[in-house]
Amino acid sequence: MKEEGYDYSVVQGFAFSALFWLFVGLAVGLWLAAEMVYPGLNLAPWLAFGRLRVVHTNGLAFGFGLGGIFACTYYMLQRLTRIRLAFPRLAKFHMYFFNAAIALAALSLFAGMNTSHEYAELEWPLDIGVVVMWVIFAINVFGTLIKRKEKQMYISLWYIISMTVTIAVLYIVNNLEIPVNWFKSYTVYAGANDANVEWWYGHNAVGFVFTVPILAMFYYFLPKSTNLPIYSHRLSIVAFWSLIFGYVWTGAHHLMLTPLPEWIQTVAIAFSIFLIAPSWGSVINGYYTMRGEWDKMRSNYLVKFFIMGITFYGLQTIQGPTQGLRIMTGFFHYTDWVIGHVHMGTMGWVTMIISASLYYMIPAVNGREIYSVKLANTHFWLILVGQLIFTITMWIAGIQQGAMWKASNPDGSLTYSFLETVTAMYPYWKIRFAGGFVYFLGIVVFGYNLLMTLKSPEEATQPRTA
Amino acid sequence: MYSRPIVFAIMATVVILVGTIAMMVVPLTLQSTQPVSPLVKPYTAVELEGRDIYIREGCNNCHTQTIRPLRTEVVRYGQYSKPEEFAYDRPFLWGSRRIGPDLQRVGGKYPDSWHYRHMDNPRSMFPKSNMPDYAWLAARQLDTSYSYKKTHVVGYGYTVNEVNKNLADYLVRVTSSAYIAGDARDKVTPPVLKDKLTEMDALVAYLQKLGMDVKNLNKS
Ligand code: HEM
Ligand code: HEM
Numbered sequence: 001m002k003e004e005g006y007d008y009s010v011v012q013g014f015a016f017s018a019l020f021w022l023f024v025g026l027a028v029g030l031w032l033a034a035e036m037v038y039p040g041l042n043l044a045p046w047l048a049f050g051r052l053r054v055v056h057t058n059g060l061a062f063g064f065g066l067g068g069i070f071a072c073t074y075y076m077l078q079r080l081t082r083i084r085l086a087f088p089r090l091a092k093f094h095m096y097f098f099n100a101a102i103a104l105a106a107l108s109l110f111a112g113m114n115t116s117h118e119y120a121e122l123e124w125p126l127d128i129g130v131v132v133m134w135v136i137f138a139i140n141v142f143g144t145l146i147k148r149k150e151k152q153m154y155i156s157l158w159y160i161i162s163m164t165v166t167i168a169v170l171y172i173v174n175n176l177e178i179p180v181n182w183f184k185s186y187t188v189y190a191g192a193n194d195a196n197v198e199w200w201y202g203h204n205a206v207g208f209v210f211t212v213p214i215l216a217m218f219y220y221f222l223p224k225s226t227n228l229p230i231y232s233h234r235l236s237i238v239a240f241w242s243l244i245f246g247y248v249w250t251g252a253h254h255l256m257l258t259p260l261p262e263w264i265q266t267v268a269i270a271f272s273i274f275l276i277a278p279s280w281g282s283v284i285n286g287y288y289t290m291r292g293e294w295d296k297m298r299s300n301y302l303v304k305f306f307i308m309g310i311t312f313y314g315l316q317t318i319q320g321p322t323q324g325l326r327i328m329t330g331f332f333h334y335t336d337w338v339i340g341h342v343h344m345g346t347m348g349w350v351t352m353i354i355s356a357s358l359y360y361m362i363p364a365v366n367g368r369e370i371y372s373v374k375l376a377n378t379h380f381w382l383i384l385v386g387q388l389i390f391t392i393t394m395w396i397a398g399i400q401q402g403a404m405w406k407a408s409n410p411d412g413s414l415t416y417s418f419l420e421t422v423t424a425m426y427p428y429w430k431i432r433f434a435g436g437f438v439y440f441l442g443i444v445v446f447g448y449n450l451l452m453t454l455k456s457p458e459e460a461t462q463p464r465t466a
Numbered sequence: 001m002y003s004r005p006i007v008f009a010i011m012a013t014v015v016i017l018v019g020t021i022a023m024m025v026v027p028l029t030l031q032s033t034q035p036v037s038p039l040v041k042p043y044t045a046v047e048l049e050g051r052d053i054y055i056r057e058g059c060n061n062c063h064t065q066t067i068r069p070l071r072t073e074v075v076r077y078g079q080y081s082k083p084e085e086f087a088y089d090r091p092f093l094w095g096s097r098r099i100g101p102d103l104q105r106v107g108g109k110y111p112d113s114w115h116y117r118h119m120d121n122p123r124s125m126f127p128k129s130n131m132p133d134y135a136w137l138a139a140r141q142l143d144t145s146y147s148y149k150k151t152h153v154v155g156y157g158y159t160v161n162e163v164n165k166n167l168a169d170y171l172v173r174v175t176s177s178a179y180i181a182g183d184a185r186d187k188v189t190p191p192v193l194k195d196k197l198t199e200m201d202a203l204v205a206y207l208q209k210l211g212m213d214v215k216n217l218n219k220s
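Protein chains in written order, with the working numbering: chain E, 1 to 466; chain Y, 1 to 220.
Derived from the structure by calculation, the hints contain no laboratory data. If you're wondering where the values come from, they're calculated on a predicted model, not measured in any experiment.
Once the Cα atoms are required to be at most 20 Å apart in a straight line, the calculated SDA-like pairs of lysine to any residue come out as:
id	chain 1	residue 1	chain 2	residue 2
1	E	Lys184	Y	Val153
2	E	Lys430	Y	Arg97
3	E	Lys149	Y	Tyr2
4	Y	Lys128	E	Ala33
5	E	Lys406	Y	Arg105
6	Y	Lys128	E	Pro39
7	E	Lys406	Y	Arg97
8	Y	Lys41	Y	Leu217
9	E	Lys147	Y	Arg4
10	Y	Lys109	E	Leu419
11	E	Lys184	Y	Tyr88
12	Y	Lys128	E	Asn42
13	E	Lys304	E	Glu293
14	Y	Lys109	E	Phe418
15	E	Lys147	Y	Ile10
16	Y	Lys128	E	Leu43
17	Y	Lys128	E	Thr415
18	E	Lys151	Y	Ile10
19	Y	Lys128	E	Ile431
20	E	Lys406	Y	Arg76
21	Y	Lys128	E	Leu32
22	E	Lys406	Y	Val75
23	E	Lys184	Y	Lys149
24	E	Lys184	Y	Gln141
25	Y	Lys128	E	Met404
26	Y	Lys149	E	Asn181
27	Y	Lys128	E	Tyr426
28	Y	Lys82	Y	Asp213
Can you build the whole structure from these sequences, using the hints too?
The following block contains the structure:
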């Protein structure tokens, strides 16, 4: 059933942009994973590990992540306000601007223009571009919200509003820098201050890109694809406000046992533990929404993605606070363990939810059925298995690495040289590559399924079932 | 509030600003967060250039520069890090991942010649290392056209003459026949650049400065 009267060209445009950057980012990720075992693959300066790693993180967090977020936001915004976007031409401009910015970002990072601030690596001219892009996006969000026909704002809109304002604050404050020339600048903060500002930003970039808007999708698309209302509105309210309140306190859990004042670390850990509550508020809301309807896990392919996704979110938000505790961080910080944490969140939670959201939207905006439910199921199992191979391997590797760094002989000297602790990781890094490859195959199936959906015949009258 | 987007946006902003002010703005105003010490010296112009190359190549994606107060870590890398040591670091380079060892106190650990050979080809020294080759850094002349401006922007307070003298002195040092690492440098540097400053020279200068303020203090 084609949904009329809305502007869906940008939804589709952003969805396929996200898919494109997902491919690029994953190809780079596989190359990186291989380089860690076969350093001969550092074939050229622009392919060297140090430069490539930031192309991977930026390409996926911002090309894929933000692209998917913009696609879903423009869709949810129109459906939940029951009007067209306030400024459709501006939205289209946003789409071209976004892709140009990501392409330039990738090129500049390949070229080594890099501020070294994690998740804020872009140099100042691009930073200005990002801010302009964000303003363009915000104009459409608020313009549409102000003109809306539906009086109450649904939960997803709360998450979208808080993302829109918070990312603006974070990005501008952390990127204050003084230019030397067009390609180089220095941050205005020094030393421990710079570290503290950076991880206030870095943690909340994870919070307001990889959590808040993904929850917006979850709260919208899960009820939509099951026809079940969210279990508890009150729980949603409490979880929302305590989540955004708590998140900004916790950045320093990335700086445990560094020269940052101890009280900042301690408060950050306290709030990290506090965050379990609102995070699990959403997990429980999701699970209880399905109560009595669990057979939908089998009959409705989208539910699998959503429920697996929220499950990994639940695990992630237990693992995160735990690994921040002083006794744990002393062991796990800087090891492969954290790489496991990162990829459970991104490959498990973020990808599962964005995948299902695109599977819901692309057929809907084209008035078509999904090309193949079977392929969607294949996609699900491949990314699930690939992710599990990847993350479980990294956790085991992290434990061994942490133990080897700490091992000492009876006389107090170290048991292992650093290089021995590196070579001990090679088998794990090879398995990680294999896991990543399986996951990549899943994404290939995903892309094929979406593209074929565009080509399949229009089914104007059939209501969508799945 | 749930039917007023602008009010809602303002509320959300206020809610996130509470933690932001407590954890980010207040620490910026406290001296204890980033103390300074007369014993810690800013980077020289050539060291700062080396540091920028370190950033450009993303060495911080594999190497940390902060030693935690844990027994085995101090045995492996040296004295744990003090906040004073980072007063001139813009940006900070503490890192978040150790694929390679910590480098905060690598200065003086090896002679310059070791670094030239290692950067040229880590596997010639450690066959199982996965650090990339950086041989090409020796084939690139160091661009010093912004050296003064850079030290000026980060506020190190050098004059133009001081910067030029520092660069000229360092060139003399690495090209003089008395330079102990001269052989190693000659082996990796293309003939046309032998009497110029290369990016590798600057990077080695930077690596040799890391942690030296504390090491010198211990000696005296
Ligand atoms: C084929 C799948 C993937 C592979 C093979 C892969 C590989 C890698 C590798 C090798 C690293 C560096 C690890 C290290 O420093 O030891 C890394 C880091 C990272 N990847 Fe991936 N990745 C994949 C998927 C993803 C996805 C889907 C996302 C995000 C949506 C993502 C986000 C990140 C981030 C944020 C980091 C930085 C982690 C940190 O700094 O702690 N990756 N990845
Ligand atoms: C309650 C929620 C969470 C808490 C308290 C938490 C805690 C942490 C901690 C303590 C670290 C630092 C580990 C270390 O370096 O030793 C970390 C790293 C990370 N976490 Fe989480 N986490 C949470 C949820 C998430 C979620 C949902 C994601 C989504 C993808 C995520 C993505 C990341 C990433 C990308 C990093 C690596 C940052 C870097 O070093 O570059 N986290 N987390």
